[in-house]
Amino acid sequence: MTVPVPLEPLVAGVELPFRDGYVPSIVYVSLYVSLTAVALSTLVSVPVAVAVGLTEFRGRRLLTSLVNTGMGFPSVVVGLAVLFVVSNQGPLGPLELVFTRRAMILSQFVLATPPITAIALSAVAGVDDGVRDAAHVLGGTRVDVALAVLREARGGIATAVLAGFGRAISEVGSVLIVGGNITGADGVSKTRTLTTAIQLEARQGRYETAMLLGGVLLALVLAVNVVVVRLGGGVRR
Amino acid sequence: MLRATDLSQSYGDDPVLRGLSLDVAPGEVVAVIGPSGVGKTTLLRTLALAVEPTGGRVTLDGTDPWAVDREARLSLRRRVGMVFQEATLFDTSVARNVAYGLRVRRSWSARLGEGLRSLVGADGTTGAVREALEVVGLAGAADRHAGALSGGEAQRASFARALAYDPDVLLLDEPTSDLDPRNTAVVEDAVAEARARGIGVVVATHDMHQAERVADRAAVLLDGRLIETGPTDRVFDDPDDPRARRFISGELVY
Chain B
36 MTVPVPLEPL
46 VAGVELPFRD
56 GYVPSIVYVS
66 LYVSLTAVAL
76 STLVSVPVAV
86 AVGLTEFRGR
96 RLLTSLVNTG
106 MGFPSVVVGL
116 AVLFVVSNQG
126 PLGPLELVFT
136 RRAMILSQFV
146 LATPPITAIA
156 LSAVAGVDDG
166 VRDAAHVLGG
176 TRVDVALAVL
186 REARGGIATA
196 VLAGFGRAIS
206 EVGSVLIVGG
216 NITGADGVSK
226 TRTLTTAIQL
236 EARQGRYETA
246 MLLGGVLLAL
256 VLAVNVVVVR
266 LGGGVRR
Chain A
204 MLRATDLSQS
214 YGDDPVLRGL
224 SLDVAPGEVV
234 AVIGPSGVGK
244 TTLLRTLALA
254 VEPTGGRVTL
264 DGTDPWAVDR
274 EARLSLRRRV
284 GMVFQEATLF
294 DTSVARNVAY
304 GLRVRRSWSA
314 RLGEGLRSLV
324 GADGTTGAVR
334 EALEVVGLAG
344 AADRHAGALS
354 GGEAQRASFA
364 RALAYDPDVL
374 LLDEPTSDLD
384 PRNTAVVEDA
394 VAEARARGIG
404 VVVATHDMHQ
414 AERVADRAAV
424 LLDGRLIETG
434 PTDRVFDDPD
444 DPRARRFISG
454 ELVY
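If you're matching them up, the sequences are chains B and A in order. 36 is the number of the first residue of the first sequence in the numbering used here; add one for each residue after it. 204 is the number of the first residue of the second sequence in the numbering used here; add one for each residue after it.
By construction, these hints were calculated from the structure, which means they are not laboratory data. Be a bit skeptical, because a hint or two may be false.
Claimed, not checked - Footprint (simulated), chain A over chain B, 3 or more residues, beta carbon under 8 Å:
| id | segment |
| --- | --- |
| 1 | 158–166 |
| 2 | 170–182 |
Said to hold, decoys possible - A few chain B residues that don't get close to chain A, going by computed Cβ distances all over 10 Å:
| id | residue |
| --- | --- |
| 3 | Val62 |
| 4 | Leu115 |
| 5 | Ala198 |
| 6 | Gln239 |
| 7 | Gly240 |
| 8 | Arg265 |
Cβ atoms here follow ideal geometry from the backbone N, Cα and C, with glycine treated the same way.
Construct the entire structure; sequences and hints are all you get.
Structure (structure tokens):
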């Protein structure tokens with residue numbers, strides 16, 4: 036027996052100000068751009084953090100300060116810089132990246148790399164020297180020692196990746212400048228992300244849609260947090 | 204046989220060891236005694252082939268690890284074990300800690316396979332790991348997390364970690380300085396077990412009674428030199444060097 040649920044009148048009463056597929060396409064673009072950018076940043080940042088954290092060299096403190104400074108890059112400025120780089124006259128002009136997802140990935144990569152590197156570096160530097168010594172005298176090669184340190188620092192590195200992802204998925208300025216907040220004629224997002232969509236909806240006075248998209252963004256961040264924290268070894272003692 | 208000949212070691216311009224010589228034969232326990240800060244740890248790290256001496260040589264069965272290529276040096280290093288004064292265990296189970304030395308000696312493909320099997324819950328505890336844990340009385344602690352061990356248990360696990368891969372030489376840096384009498388007794392029994400297995404053992408200690416209990420020979424380290432070396436009884440009862448005599452009688456305080 037089916038219970039008649041009076042859902043239809045509810046939905047019919049509300050005029051949804053977007054077409055089918057609009058929200059999923061925005062979610063997809065947001066996740067695709069931010070996750071790709073953060074994955075690339077992590078591939079660069081973590082090896083750099085381990086190398087810098089485990090070796091002594093001249094200019095190490097300067098490098099660390101530069102990375103820390105990079106955490107404060109204003110995203111609109113990064114967007115502007117990336118726009119110049121990918122514009123027709125810029126060095127990457129021939130690749131025709133203006134208003135593409137690739138350009139958005141590039142700018143988010145620039146934004147996410149400094150926080151991931153800085154936090155991963157502090158996690159690596161915080162590992163007890165005894166761990167390196169132990170791995171070394173127990174017969175580990177340099178790679179083994181680096182892996183042992185990385186394993187000890189995994190909680191901090193998970194935090195670093197999360198911080199990078201948080202920076203990437205929540206920023207508006209650079210994706211707006213290099214991506215252009217574009218949807219196709221079918222209403223499906225090409226370079227529109229959750230943040231740029233929220234900004235647009237709010238500016239046009241469609242606050243319900245803006246709120247809905249805001250809720251989706253929060254849920255996504257929460258979901259990614261859960262996954263990364265689990266991969267990073269769960270709650271630390 | 205591990206042999207140090209005219210060994211010197213400095214940190215920057217600061218000489219710590221100033222030309223000392225020491226032999227450790229298989230199945231022999233040598234105690235290096237001396238006051239704190241005299242360079243016992245530096246000596247042990249150098250004997251562990253972890254750092255290159257600034258002068259003189261350390262050889263293992265006649266081979267100088269710093270005169271051969273990296274691969275050969277690694278295989279020499281892997282015949283030596285060292286236990287630090289502070290047990291720094293890895294953030295994982297006791298069994299995985301003790302298995303570490305064995306694991307790094309395996310090929311990458313074997314390690315990958317092992318890692319995948321452990322993901323599906325396979326018990327990777329090998330006979331050598333179990334045996335090493337038994338020697339230090341931690342057979343029941345294999346599955347506990349290293350962070351949950353007491354200080355004494357952690358130090359014993361750290362001992363087992365060096366024993367598990369059956370080194371030719373074992374270097375112990377103040378292995379019982381922070382331990383209660385019961386844990387100390389377990390560690391000293393483990394030293395005796397290592398000796399019985401034919402492992403050459405060097406124990407750095409400032410506890411002269413411990414040196415008398417565990418060592419065949421004793422060496423007194425002062426001012427970067429071994430000022431007195433000989434059978435433990437003789438070094439304690441009738442040292443030749445006047446400063447060694449004063450150190451052993453407790454007069455010489457650094």
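Hint-by-hint comparison with the structure:
{"no.": "1", "hint": "158–166", "verdict": "holds (count 3)"}
{"no.": "2", "hint": "170–182", "verdict": "holds (count 8)"}
{"no.": "3", "hint": "Val62", "verdict": "holds (31 Å)"}
{"no.": "4", "hint": "Leu115", "verdict": "holds (43 Å)"}
{"no.": "5", "hint": "Ala198", "verdict": "holds (21 Å)"}
{"no.": "6", "hint": "Gln239", "verdict": "holds (50 Å)"}
{"no.": "7", "hint": "Gly240", "verdict": "holds (52 Å)"}
{"no.": "8", "hint": "Arg265", "verdict": "holds (14 Å)"}
The structure is consistent with each of the numbered hints, conforming to all of them.
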